[in-house]
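Number of protein chains: 4
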Amino acid sequence: MNELKEECGIFGIFAHPEAAKMTYLGLFALQHRGQESAGITVSNGQRLFSHKQMGLVADIFDDQTLSNLYGETAIGHVRYSTAGGSRVENAQPLTVTCARGDLAVAHNGNLVNGEALRKELEAEGAIFQTTSDSEVFLHLLARSKKEKLEEALIEILKKVKGAYSLVFLTPNKLIGLRDSYGFRPMCLGRADFSYILASESCALDLVGGVLIREVEPGEMVIIDENGFRSMKITDQTDRRALCIFETIYLARPDSKLFGENMYLVRIEMGRQLAREHPAEADIVIPIPDSGIQAAMGYAKESGIPYHWGLVRNRYVGRTFISPTQAIRELGVQIKLNPIDDVLAGKRVVVVDDSIVRGTTCRKIIKMLRNAGASAVHLRVSSPPIQFPCFYGIDTPARKELLAATHTVEEIRKYMRVDSLGYLSILGLLDSMSKSGSEFCTACFDGNYPVEW
Amino acid sequence: MNELKEECGIFGIFAHPEAAKMTYLGLFALQHRGQESAGITVSNGQRLFSHKQMGLVADIFDDQTLSNLYGETAIGHVRYSTAGGSRVENAQPLTVTCARGDLAVAHNGNLVNGEALRKELEAEGAIFQTTSDSEVFLHLLARSKKEKLEEALIEILKKVKGAYSLVFLTPNKLIGLRDSYGFRPMCLGRADFSYILASESCALDLVGGVLIREVEPGEMVIIDENGFRSMKITDQTDRRALCIFETIYLARPDSKLFGENMYLVRIEMGRQLAREHPAEADIVIPIPDSGIQAAMGYAKESGIPYHWGLVRNRYVGRTFISPTQAIRELGVQIKLNPIDDVLAGKRVVVVDDSIVRGTTCRKIIKMLRNAGASAVHLRVSSPPIQFPCFYGIDTPARKELLAATHTVEEIRKYMRVDSLGYLSILGLLDSMSKSGSEFCTACFDGNYPVEW
Amino acid sequence: MNELKEECGIFGIFAHPEAAKMTYLGLFALQHRGQESAGITVSNGQRLFSHKQMGLVADIFDDQTLSNLYGETAIGHVRYSTAGGSRVENAQPLTVTCARGDLAVAHNGNLVNGEALRKELEAEGAIFQTTSDSEVFLHLLARSKKEKLEEALIEILKKVKGAYSLVFLTPNKLIGLRDSYGFRPMCLGRADFSYILASESCALDLVGGVLIREVEPGEMVIIDENGFRSMKITDQTDRRALCIFETIYLARPDSKLFGENMYLVRIEMGRQLAREHPAEADIVIPIPDSGIQAAMGYAKESGIPYHWGLVRNRYVGRTFISPTQAIRELGVQIKLNPIDDVLAGKRVVVVDDSIVRGTTCRKIIKMLRNAGASAVHLRVSSPPIQFPCFYGIDTPARKELLAATHTVEEIRKYMRVDSLGYLSILGLLDSMSKSGSEFCTACFDGNYPVEW
Amino acid sequence: MNELKEECGIFGIFAHPEAAKMTYLGLFALQHRGQESAGITVSNGQRLFSHKQMGLVADIFDDQTLSNLYGETAIGHVRYSTAGGSRVENAQPLTVTCARGDLAVAHNGNLVNGEALRKELEAEGAIFQTTSDSEVFLHLLARSKKEKLEEALIEILKKVKGAYSLVFLTPNKLIGLRDSYGFRPMCLGRADFSYILASESCALDLVGGVLIREVEPGEMVIIDENGFRSMKITDQTDRRALCIFETIYLARPDSKLFGENMYLVRIEMGRQLAREHPAEADIVIPIPDSGIQAAMGYAKESGIPYHWGLVRNRYVGRTFISPTQAIRELGVQIKLNPIDDVLAGKRVVVVDDSIVRGTTCRKIIKMLRNAGASAVHLRVSSPPIQFPCFYGIDTPARKELLAATHTVEEIRKYMRVDSLGYLSILGLLDSMSKSGSEFCTACFDGNYPVEW
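Quick note, the sequences are listed as chains A, B, C and D, same order.
For the first sequence, counting from 1, position 109 maps to 108 in numbering that gives the first Met the number 0; every step adds exactly one.
For the second sequence, counting from 1, position 136 maps to 135 in numbering that gives the first Met the number 0; every step adds exactly one.
For the third sequence, counting from 1, position 424 maps to 423 in numbering that gives the first Met the number 0; every step adds exactly one.
For the fourth sequence, counting from 1, position 324 maps to 323 in numbering that gives the first Met the number 0; every step adds exactly one.
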C-alpha cells in the first residue's frame with residue numbers, strides 16, 4: 000500500500016514499421032510509472048505528430064488514433080506530475096517547432112534549478128507553454144547556436160542540475176541520455192531490427208524485444224540512419240546515485256534494473272528483514288501488492304507459513320480516485336478486504352515495503368485486529384523515510400514524513416502493533432549485488448548527491 | 000487465466016438513507032461477476048428510477064448519477080451476457096410499469112425454458128423490450144391475477160425452469176429468492192439497520208455490513224416496512240445443486256459461500272492436488288490470478304518452494320479487450336510476463352484452476368519453456384471439463400471443450416508438458432465440508448440436475 | 000415569433016438503395032416540425048434496426064450511424080413532445096418484436112382516448128415501454144388475432160379516437176395512414192422508383208422526389224413488393240378537419256398542403272388582413288420569421304413600404320434553449336434586434352401570424368417603441384386563439400390563452416399598441432381555395448370535431 | 000449565398016460582475032464572423048483563465064464553463080481561419096505567461112509580413128505554440144524592453160504590416176487598437192458602467208449596451224482602473240482603407256459600421272443596381288440570405304414586385320458541413336428550395352451580393368429554370384471580384400475568381416442567364432455617405448493599400 004507516487008516512464012523506438020503501436024505497448028508496460036497522462040509523438044521523416052491526453056494508456060489510444068500517428072520513429076511518455084501542475088498542457092512528449100525544426104522531448108526526473116532557469120529564459124523573452132520544468136530543455140536548445148543537436152545538448156546540459164533520463168526526437172534522429180548520477184533508470188534494447196530506449200526492461204519484454212544493456216549514467220545514445228553511437232555527455236561527476244526506491248518498490252517485479260531482477264532482490268530484502276527482525280508468529284502476510292515479495296522472503300527465511308490475510312480488489316488502481324466523499328471515508332476497505340477465517344486467533348507478521356505518512360498502514364493494522372488477529376508484528380522492507388526526494392519522486396514535505404518526527408518506538412505505539420521492525424540501511428544495501436555507494440539513499444539519511 | 004465467464008452479480012438494500020451509494024459499493028465488490036454492464040434501480044417510496052449502462056461500475060456511476068437516484072431502497076446488477084445479446088437494452092435491473100405498478104428485477108442465472116416461455120407470451124400479445132430471458136419474470140407477473148407480489152411469484156415460478164437467484168423491487172418492497180436447486184449463491188446481511196441481499200459476502204464487507212446467513216435454496220425473503228419474512232417458494236425438489244465452479248474460481252477469495260471461505264477451500268484443493276499428483280520439481284508457480292491459491296496449497300503440501308514465475312500486468316482486466324489485431328496477436332504477453340531469473344534452469348510445477356479450450360494455457364507453457372524452464376509439470380485444481388453449463392456460466396459448445404474430445408495423455412502432449420495432473424472429482428468434493436451430493440458437477444460428469 | 004410548438008414529422012421510403020440516407024434528408028427537411036428528438040428505423044428485409052436520440056437530425060446522425068442502418072426500406076420521425084414526457088425512450092419510431100415479428104411505427108398527432116386505452120391494456124397484462132400514447136397502436140396490434148397487418152390495423156383503429164397520421168414498417172412492408180378527419184397532413188411521392196410518404200411536400204423536394212398526391216383522410220396506403228395499394232380504413236365520419244394552423248404557421252412556406260402553396264396562401268392572408276384592418280403608417284414590418292409572408296401581403300395590398308425593422312439572429316433556433324438564467328432574462332433580444340435607423344420616427348405596422356400568451360409579442364412591441372417608432376399598429380394574420388388544441392399541437396391551458404380571457408380592446412391596451420387587428424375566421428377561410436368546412440377551427444371557435 | 004468567408008470577431012469588456020457571460024453574449028452576436036472556433040479569456044485581477052474550443056459559441060460554453068471563468072474583465076474571439084490551419088491550438092484569445100506576466104490577445108485581420116517576422120523570431124530562439132500569425136504580437140511583446148504595455152505596443156507595431164483590429168488583456172488592463180488603415184472595424188461602447196470593445200455594434204445591442212463611437216484607425220484605447228485613455232499608435236499613413244466587403248455582405252444588417260447602417264446601405268445598393276441595370280420582369284427575388292436587402296432595394300426602385308422564390312432551410316448554417324459524399328452531391332438543394340408556384344412562367348430578376356467562383360450561383364440559376372422561370376436576369380450588388388484579399392478575408396487564388404478570367408458577357412453565358420448586371424465601383428461608393436477614397440477596393444481594382 001505504498002503511498003509514494005511513481006514519477007514517469009519513457010520509451011523510444013527507431014525505424015519500426017509500427018512505431019506508434021510499439022510505443023503504445025511499451026507505455027502500457029510502463030503504466031505503473033505514471034497514471035495521470037500519456038502521449039506519443041511520431042516522426043514521418045519530415046515532421047512530428049503527437050497525441051496526448053489525461054488518463055490511462057489503454058483509454059487514450061485506440062486503433063484510429065494510433066494509425067493517425069503514421070511514422071517509423073516514435074517516443075512516448077507516461078506521467079505522474081512531480082513539478083508542474085496536473086493539466087493536459089503538461090502531458091509529454093513536449094513538442095515544439097523552432098528554428099531547429101520539429102523537436103520533441105520526454106523526461107523522467109526533476110531539475111533542482113528548473114525554476115531558476117525558467118525565470119532567466121523568460122527575462123530574455125521566452126514564452127513557456129507549460130508549467131513543467133521539462134520545457135526548459137527545449138528553450139535552451141532553441142537558443143543554442145550549435146547546429147548539431149548532440150552538440151547543442153552537451154552545451155545546454157552544463158546549465159542543468161538534477162535528475163533526468165531523457166529521450167529526444169527529431170524528424171530523423173532518436174537521442175537518449177541519462178544524467179551522470181544515474182538517478183532514474185533507462186535501458187537500451189532491440190526488437191526486430193529496431194533500437195529501443197525504455198525506462199524499464201519490462202517494456203522490452205512486452206514488445207517482444209531483448210535487453211542489450213542499461214544506458215550508462217552520463218551517457219548520450221544517438222540513433223539515426225547511420226546506426227547507433229554513444230557519447231559521454233558530461234564530466235561533472237563520478238559519483239553514482241541510483242534511486243534505491245526503484246528497487247524497493249517503483250520498478251515492476253519483472254524488470255531488470257541496476258543489474259538486478261526486482262522480484263528476486265525484493266525477496267532477498269524480505270529474507271534480510273527476517274534475519275534482522277524475527278518474530279514469534281503463526282502466519283506471514285503482505286500488504287498487497289507492495290509488500291508481497293518481501294513477505295514471501297520473510298516467510299521463506301523464517302519458516303513461518305505465507306498466507307493471504309487481505310484481498311485486494313482488482314478493479315481499484317494503485318491510486319483509487321473515489322467519486323464521493325462518502326466513499327472516501329470508507330477509505331482502505333475499498334481496496335483491501337481482510338479474510339477473517341485466515342486471521343482470527345492468529346499471531347500475524349504483516350509486511351510492507353515502506354511507511355511514508357503512516358495513515359493508511361494504521362487503518363490496515365486496525366482491520367487486522369478487527370478480523371481477530373491476536374498479535375500483529377509489522378515489518379517494513381526499507382529503512383525509515385526521513386527526508387523528502389528532490390529527484391523525481393513525489394514525497395510529502397518533511398514534517399509529514401512519519402519517521403522524520405517520530406522514533407521507531409513512537410511509531411510502533413501509533414500503529415498499535417506488538418512489534419515493529421524496519422530493514423536497516425546496511426541490510427538493504429547488502430541485499431543487492433552492486434556496491435552500496437552507487438545508490439542515492441538521501442530519503443533515509445539526508446545525504447543529497449545534488450544540492451537543491 | 001480462467002476462460003470461463005462469470006455470470007452476474009446482484010445486490011439489494013432496504014431502507015438506507017444512502018441506498019444508491021451502498022448499492023454502488025456492493026456492485027463494485029461484485030464487479031468480478033460481470034463486466035459488461037451495470038445498473039441500479041432505486042425506489043423513492045412511490046416510483047422506481049434507474050441508471051444502467053455498458054461498462055464497469057466505477058465508470059458508469061459518479062456523484063451526479065448517484066445523487067439523482069434518490070430513494071431509500073435499491074437493487075443493482077452487474078452483468079456478463081449469458082442468454083441475450085450484448086446490448087444496453089439487456090442491462091439490468093429490468094424495470095417496467097404495468098397494472099401492478101412499477102416493478103424491477105435483477106437476475107443471476109439462466110432459464111432452460113426461457114425461450115419457450117417467451118414464445119408463449121408473445122403469442123398472447125406480449126411485447127418484449129429485451130432479448131434477455133429475465134424479462135419473462137416480469138411478463139408473467141404482469142399477467143398474474145394474484146394481487147400480492149409474493150403470491151404472484153409463487154404462482155409464476157411453477158412455470159419457470161432453470162437457475163435463478165433474483166431480487167425484485169417495488170416502490171415499497173424488496174424481495175429476494177433463490178431456486179430450489181440453489182445453483183447460484185445469494186446471501187442475507189445487514190448494515191446499520193438495513194437488510195441487504197447480495198450474491199457474495201464480500202459485498203457485505205465492502206459496505207461495512209455483516210453476514211446473517213445464506214438465503215436457502217427454494218427460499219423467498221420479503222423485506223418491507225413490516226420487517227423481514229421468509230417463505231418456501233416451491234416444492235419441486237429436495238435435490239441441491241450448488242455450482243461447484245463458484246468455489247473453484249468464480250467467487251472472490253474473501254467471500255464465504257456454501258459455508259466455506261473461498262481462499263481456504265482453494266488452498267485445500269491445491270493440497271489435495273499435490274497428494275494426488277506429486278512432482279519432482281524446484282519451484283511451484285501459479286498462473287495468476289486464477290491459480291494462485293491452488294499453487295500455494297500445492298507448495299505447502301509438497302514442500303516445494305512457492306514462487307512467482309509470471310507477473311500479471313495489473314492494468315489488464317481478466318478479459319483484456321485489445322484495441323487492435325496487431326495487439327491481439329501478441330496475446331498472452333500483454334497480460335503475463337515471465338521472470339527469466341526465476342525460471343531459467345528450473346523444474347517447474349505450474350498450477351491453474353481449470354482448462355477450458357486450452358489455447359491460452361498452451362501459450363503460457365511455451366513462455367515458460369522460452370524463459371528457460373528445464374521441465375514443466377502442469378497441475379489443474381479441477382477435474383477435466385467435459386460438458387457445457389446451462390445454468391448461468393458461459394462455457395463454449397461441447398466440441399470446443401478440450402477434455403470432451405481428448406484423453407489426459409493427449410492433452411499432455413498438446414500442452415507439451417512433462418506431466419499433467421487434474422484434481423479428481425472425489426478429491427475436489429473432499430476438499431469441501433459440505434456433502435458432495437449438494438453440488439452440481441454436470442460440467443465434469445454430464446449429470447444435469449435440470450433437463451434442458 | 001410563434002409560441003405554438005410543432006408536433007411531429009414523419010417520413011417513409013420503400014425500396015431505395017440508400018433508404019437511411021434518404022430518410023435522414025427527409026427528416027432534415029421536416030426538422031421544423033420537431034426539434035426534441037429524431038430517429039430512423041430500417042428494414043434489411045428480415046429485421047428492423049433503429050437509431051434514435053434526443054437532439055437535432057444533423058447532430059444525431061453521421062456517416063457511421065447511417066451506414067450501420069443498412070436496408071432498403073425505412074421510416075423516420077422528428078418529435079416535439081405532446082403527450083408523454085421528454086425522454087429518449089419516447090423518441091420514435093417505436094419498435095418492438097412481438098408474435099407478429101418486428102414492427103415499427105412513427106406517429107404525428109394525438110389520441111384523445113390514449114390514456115384510457117393504455118389503462119385497459121395494462122389491466123390485461125401489457126407492459127408499456129414508453130409514456131407515449133403512440134405505443135397503444137403497437138400493443139393493440141400485438142394482441143389482434145388478424146394475421147395480415149392491414150386487417151389488424153382496420154380492426155384496431157375502431158378503438159382509437161383522435162388525430163393520427165402514421166407510418167408503419169415491417170420487414171417487408173411500408174404502410175401509411177391518416178385518420179378520417181385528416182387533422183394532420185401526409186403526402187405520397189416518388190423518388191427514382193421508390194414510393195415515399197412524408198408529412199410535407201418539402202421533404203420530397205429535398206430528396207429530389209416529386210409529389211404524387213396527398214394521402215386522403217381515412218386512407219391506408221400499403222407499399223410492398225407487389226407495389227402500391229390503397230384502402231379506406233374506416234367509415235366513422237365524412238367530416239373533414241384539416242388543421243388550419245398548418246397553413247397559418249406550422250408547415251414550411253415551400254410546402255404544398257391541403258392543395259395550397261403555404262407561401263402564397265400566407266401572402267393572401269396578409270392581403271386580407273390589410274383589407275380588414277387598414278392602417279395609416281410609413282412602413283410594414285414582420286415579426287420574423289413567423290410574420291414575414293403576412294407582412295409582405297399586407298404591404299402589397301396596402302401600398303405601404305415593406306421593411307425589416309427587426310433582425311433575427313440566425314444562430315438561434317425557433318425555440319432557443321438558453322444556458323443560463325441571466326441569459327433567459329435577456330429573452331427576446333437574443334433572437335431579435337431592432338434597427339433603429341429604420342424605425343426611428345416611423346409609424347409602423349407590425350405583423351405576426353398569431354398571439355398565444357402574448358408575453359413575447361409585448362416585449363417586441365416595447366423594443367419597437369424604444370427604437371423610436373412613433374406609432375405601432377399590430378396586425379395578426381389569424382383570429383384570436385381562444386381554445387386549446389387536443390389534436391397534436393402543444394397549446395397552453397385555456398386560462399393562459401390571452402384571447403380566451405381578454406377582449407380585443409383589452410389586448411390592445413395590454414400590448415400598448417395604437418391599434419390592433421386580427422384576421423377574421425371568415426377572412427382566413429376565404430384566403431384558401433378549399434371549402435372552409437373542411438378545416439378544424441376549434442382553437443378559434445371551440446367547435447371540436449372529436450370529443451375529448 | 001456568399002462564398003466569402005468571414006474572418007473573425009472580437010469582444011472585450013472591462014469591470015463587469017458577469018464579464019464572461021457578457022462576452023459569451025457578445026460573441027454570440029458576432030457568430031457570423033467566424034464559426035470555426037471560439038474562446039473567452041478572463042482576468043480575476045491576478046491571473047488570466049481561458050476556455051477555447053472548435054465549434055459554435057452556444058455549443059462551446061455552458062453554465063459550468065462560464066462560471067468557471069471567474070473575473071470582471073474579459074476578452075473573446077470567434078474565428079474563421081485565414082492564416083494558420085484549422086486546429087484548436089489556433090483558437091483565440093492566445094494566452095501566454097512571459098516575463099511581463101499573463102497576457103492575452105484576440106486578433107481580427109491578417110499580417111502581410113507575419114511569416115517573415117515569425118522566421119526572424121525563431122532564428123532568435125522563439126518557440127511558437129500556434130501556426131497563427133497573431134502569435135507574433137505576443138513574442139514581440141515578450142521581447143520588448145519597454146516596461147509599460149502601451150509603450151511596448153507602440154514600439155512593436157512599427158515592425159508589423161497588414162490589417163489588425165486587436166484586443167489585449169492583462170490582469171488589470173484592457174487595450175484595443177486598430178491599424179491606421181482601418182481595414183477591419185472595431186467600436187467602443189458601454190453597458191451599465193463597463194466599457195466594451197467589439198467588432199460590430201450588434202454585439203453592443205445584445206448585451207444591452209450603447210455605441211459610443213468607432214475606434215479610429217490608428218487609435219489605441221486603454222481601459223484600466225484609471226478609466227479610459229486614447230493614444231495614436233502610429234504615424235505611418237493617413238490613407239484609410241475600410242474593407243468595403245463589410246458593408247456589402249460581412250457585417251450584420253443591424254450593425255452600424257463606418258458610419259452607416261448596414262441594412263439601409265444595402266437597400267441603397269439595390270436601388271443603385273436597379274438604376275444601372277433595369278430589367279423587364281414580373282418579380283424580383285433574392286438569393287437568401289445574402290441578397291435579400293439588395294433585392295428589396297431593387298424592387299423598391301424598379302417597382303417590380305418583391306417575392307420569395309427560394310426558401311432557405313433554417314437548420315443549415317451559412318457553411319453547411321455535410322456528413323456524407325452523397326449529401327454533398329445534393330449540394331444547394333439542402334440549403335435552398337424553389338417555390339414552383341411563385342416562379343412558374345415568370346420573368347425573374349434574381350439578386351445576389353457578389354459572385355466569387357460562380358459555381359453555387361450557377362446551380363441556383365438552374366434550379367430557377369427547372370422551377371419554370373421563363374426568363375432569368377441576374378443582378379449583383381457588387382462589382383466583379385477580380386483580385387484576392389490579403390487583409391483578412393478568405394478569397395480563393397486569383398485564377399479561381401470567375402471575374403478575373405472572364406468578361407461579363409462570358410459570365411452571363413456561363414451562368415445561362417438572359418441578362419447580367421454588376422453594380423459599378425462608382426455606383427457602389429455612391430451608395431455610401433463616407434468618401435469613396437476611404438475604402439479599400441482592392442478586390443475590384445487591384446489597388447492594394449499595403450504591399451504584400
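Among the hints, erroneous ones may be present.
[Claimed, not checked] Looking from chain C toward chain B, a few residues come up when the C-beta cut is under 7 Å (computed): (1) A122; (2) A141; (3) R142.
Since the hints were derived computationally from the structure, they do not count as laboratory data.
Where a beta carbon is used, it is the ideal one built from N, C-alpha and C, also for glycine.
Practice prompt. Against the earlier hints, flag every one the structure doesn't satisfy and list their numbers going up.
Written response: none
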